[in-house]
Amino acid sequence: MQKNWDLKRLIFNISSLVHLGQEVTSSKGFNEKIKGALYVVTGIFSIPRAALLIYNSRLHSLDLLTSKGLKGIDGTILRIEHRHIKVLKKNEIYSIKELQNNPFYKQNETAFKTLQTRTFIPLFVKEEFLGALSLGRRLSRTSYLQSEADTLRAIANQISTTLHNSNLFKRLARKATENKKLYENMRHIYHNTVQAFAAAIDAKDVYTKNHSNRVAKISVAIARELSWKDKDVEGIYIAGLLHDIGKIVLDRVVIRSKNLTNAEMDEIRKHPKISYDIISKIKFPWKDISDFVRHHHERIDGKGYPDSLRDKELSDGAKIIALADAFDAMTTERPYQKKRTLNEALIEIKECLGTQFDGNISKAFFKTIQKEIKGELKDPQVLPYLDKDFDPSIIIMLLEGIIAELSA
Amino acid sequence: MLTNNFAVVSKAIDDIAILQPKGYMNDLGAERLEHECEQFLDKGLKKLIINFSDIQHINSMGASVLIGIVQRISESKGQLYFTNIKKVHFDVFEMLGIIKYVKIFKEEREALKFLIKDAEKLGLEKTDL
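Chains as they are written, first to last, in the working numbering: chain A, 1 to 408; chain B, 409 to 537.
No lab work stands behind these hints: they were computed from the structure.
For every residue, glycine included, the Cβ atom is placed at its ideal position computed from N, Cα and C.
Everything hinted at is true.
The calculated label-pair distances, taken between Cβ atoms and stated as ranges, are:
(1) A:E128 x B:K521: 55 to 61 angstroms
(2) A:Q146 x B:F498: 22 to 28 angstroms
(3) A:N157 x B:K508: 28 to 34 angstroms
So that you can see chain A by itself, here it is in the shape it has in the complex:
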């Protein structure tokens, strides 16, 4: 009869352990797992009251994680110092009597009484102290048999591993947050550096002051209108900032010259290629930047430079920068041309569709200006840099007409 009972008890304990294993490795949330584990312990050993405490290394305390059958224990904590932890044996089952001479017990006598602790099991994984199980009196009021103590230790090991994994996960999550911050800082520094380069390029000529920055912003506006992914939008922003970097090697006199000789013109026409040579040596986290930069003076009809590429041979990025660059040149004072009004610039772009500019890219550009004028965009990129001497209703009417024509 006794043998039969032992077998039944063994089967129940094993199936409970299997269940505990499933519980702690399930996709349930940490709190639910840990509460489930405590229920398994209290169920196997008929313990009405129990608590699971987690070690807080910063405050040197054992804080309440979950409990069963205990009321009015919120905020109960046990103070535990390194010297106390040192003398505790890993996953050892201490009866409260064994602990009573320990300074750790004396320091926390009230808390132990609140938790009605009869058995205390410190939880470790390797040498790392993670928490403790506080078990109340068993329903049977008996102590643990050897086989029960073995089962209890196995369960304590499982719970320790769960706490350990949770700690690892928290550390990993913290590390990931730190890395993200670090990456954001690096990105910020990176942008600032590129902006400083752009300012250096533009500073060669008072006429082109802030040009690269404006081209970058206009390009961003077009790319967003075309629903580019954020990472690619960032790429075209950088390409916009650096598109004229090749001008850094040009003579300041050539850049500012009103009437260029053929030789000077040839010299100026070299800057996209020089920009490309500089940019292509840098490993950017965004694709095709050097391509965008190299081809920002190409035209749809193949009459651009440096490679005389035609429509389909050109990337959208190159077409965007080309349009942004030309629009900014039109709407700012240059030594070789008078500044155009917004109305004039938009008409000129429309007239150059299919020869200098791409229809789809230009349509996106017209749409974004329309939205910016109507106040539909949170973060306008083009309007803030334009003179405010235009009549918004006239521009909107003009744009509606052009967009309708392009959509037909």
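Since chain A is already given, all that's left is putting chain B on it; use the hints.
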């Protein structure tokens, strides 16, 4: 995330609460039974009958819930009655020492007969008594 395989149907007759848990007592969902018992105890009903006829499985988590109920009843100086227990569950209760704290009846009707002397209230035939 609790599984949806456990429910409790309950009613009260005089100062007696009758609870009929259904399904699997194998996860934290079984706590519902403990909550229902607590509610009856808070209302002053100290005699609780739990009818196990529709319980399919009880594991250590379910057992923990029952141990919690035993404890609450004992603190409230109430009485707990188990009925319609399958042999396999009886063995678990015996093994965990729960049996000592409850009165067992084969059928819910028998527990009621024991608790209510006025047969008419139960709608029982006098011959049943």
